[in-house]
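Visitor: Sequence:
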Amino acid sequence: MGPLFPQELLSSEYNLLIGFLIGIAFGFLLEASGFTNTRKLAGIFYGYDATVIKVFFSASITALLGMFFLHYLGMIDITATFFPKTYWIPTLVGAAIMGLGFVVGGFCPGTSLSAAVTGKIDAMVFIGGVMIGIFGFIFSFKLWAGLRSSGNMGKVNITEWLGINEGIFIFIFVVIAILTFIGFQKWQDKWKDKLTQEDIDDLGL
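The numbering of the sequence shown is my numbering, which starts it at 1270 and goes up by one.
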């Protein structure tokens, strides 16, 4: 696992083993936190459950602050971190497809796999749709050449694009996250008044 494996501080066997164990732990936490419940996942789009947005923002802030301070302390070189070129048009198209699938199916690829393991048929159907999409894209790869190469911005990160300091961006991002937490929590509290006790227990609110 990076940065240990790229620096040859970890063998390929242990790298795969650690990845396997992390995958199991991740799936377990998804199930334990209720993320295999489609109603809970879709709740972010309807306003009655803000758990998903809180988790994603918390994960982003943790990674953001962790990498920033490790770079500041000289433990990692953040400028050596790999990231691909940005193609903003296909990125927006992919995000729209992903978001639509999330709303309609109530799963993302990761949560669908965890839910399928627990025996949920809707998750298995969702995975089938994902596979159809993957193979459909593979066999029609050449048809999307124009879309895939459109909106090329090169290798640029968001702070370079906005023209601001990394520290200022992190501060703004954290403030936005906190305000989002507060706003969604108030929205969720209003929704709870409209739900039955059975709904609240089922969603773990």
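Keep in mind that the hints were calculated from the coordinates and are not lab data. Wrong hints could be hidden among the right ones.
Estimated spans, in silico, between C-beta atoms of each pair [said to hold, decoys possible]: (1) Ser1327 <-> Phe1410: 32 to 38 Å; (2) Ile1347 <-> Ile1390: 40 to 46 Å; (3) Asp1391 <-> Gly1423: 36 to 42 Å; (4) Tyr1315 <-> Val1394: 38 to 44 Å; (5) Ile1427 <-> Phe1338: 17 to 23 Å.
Lysine to aspartate or glutamate pairs mimicking EDC-like chemistry, simulated, CA-CA at most 20 Å apart [as the list claims (entries may be wrong)]: (6) Lys1323 <-> Glu1429; (7) Lys1424 <-> Asp1346; (8) Lys1323 <-> Glu1300; (9) Lys1354 <-> Glu1429; (10) Lys1424 <-> Glu1435; (11) Lys1389 <-> Glu1300.
Built from N, CA and C at the ideal position, the CB exists for glycine as well.
Visitor: Please check whether aspartate 1391 and glycine 1423 have a Cβ separation lying inside 36 to 42 Å.
Guide: Check passed, 41 Å falls within 36 to 42 Å.
Visitor: Measure nothing beyond the straight line between the CA atoms of lysine 1389 and glutamate 1300; if it is 20 Å or shorter, mark the hint as holding.
Guide: holds (12 Å)
Visitor: Check whether the Cα positions of lysine 1354 and glutamate 1429 lie no farther apart than 20 Å.
Guide: Distance ~13 Å between lysine 1354 and glutamate 1429 Cα, so the pair holds.
Visitor: When you check the alpha-carbon spacing of lysine 1323 and glutamate 1300, does it fall within 20 Å?
Guide: holds (17 Å)
Visitor: Just to be careful, I want the Cα atoms of lysine 1323 and glutamate 1429 compared with a cutoff of 20 Å; is the pair within it?
Guide: violated (27 Å)
Visitor: Are tyrosine 1315 and valine 1394 spaced within 38 to 44 Å by their CB atoms?
Guide: violated (21 Å)
Visitor: Using the beta carbons of serine 1327 and phenylalanine 1410, state whether their distance is inside 32 to 38 Å or not.
Guide: Once the Cβ atoms are compared, 36 Å apart, the range 32 to 38 Å for phenylalanine 1410 and serine 1327 holds.
Visitor: Is the hinted range of 40 to 46 Å satisfied by the C-beta distance from isoleucine 1347 to isoleucine 1390?
Guide: With Cβ atoms ~44 Å apart, the hint holds.
Visitor: Mind checking the alpha carbons of lysine 1424 and glutamate 1435 for me, to see if they're no more than 20 Å apart?
Guide: The given pair, whose Cα atoms are some 16 Å apart, holds under the 20 Å limit.
Visitor: State, for the Cβ atoms of isoleucine 1427 and phenylalanine 1338, whether the hinted interval 17 to 23 Å holds or is violated.
Guide: Once the Cβ atoms are compared, 19 Å apart, the range 17 to 23 Å for phenylalanine 1338 and isoleucine 1427 holds.
Visitor: Within 20 Å, alpha carbon to alpha carbon, are lysine 1424 and aspartate 1346?
Guide: holds (17 Å)
Hint check: violations occur at hints 4, 6; the rest are consistent with the structure.
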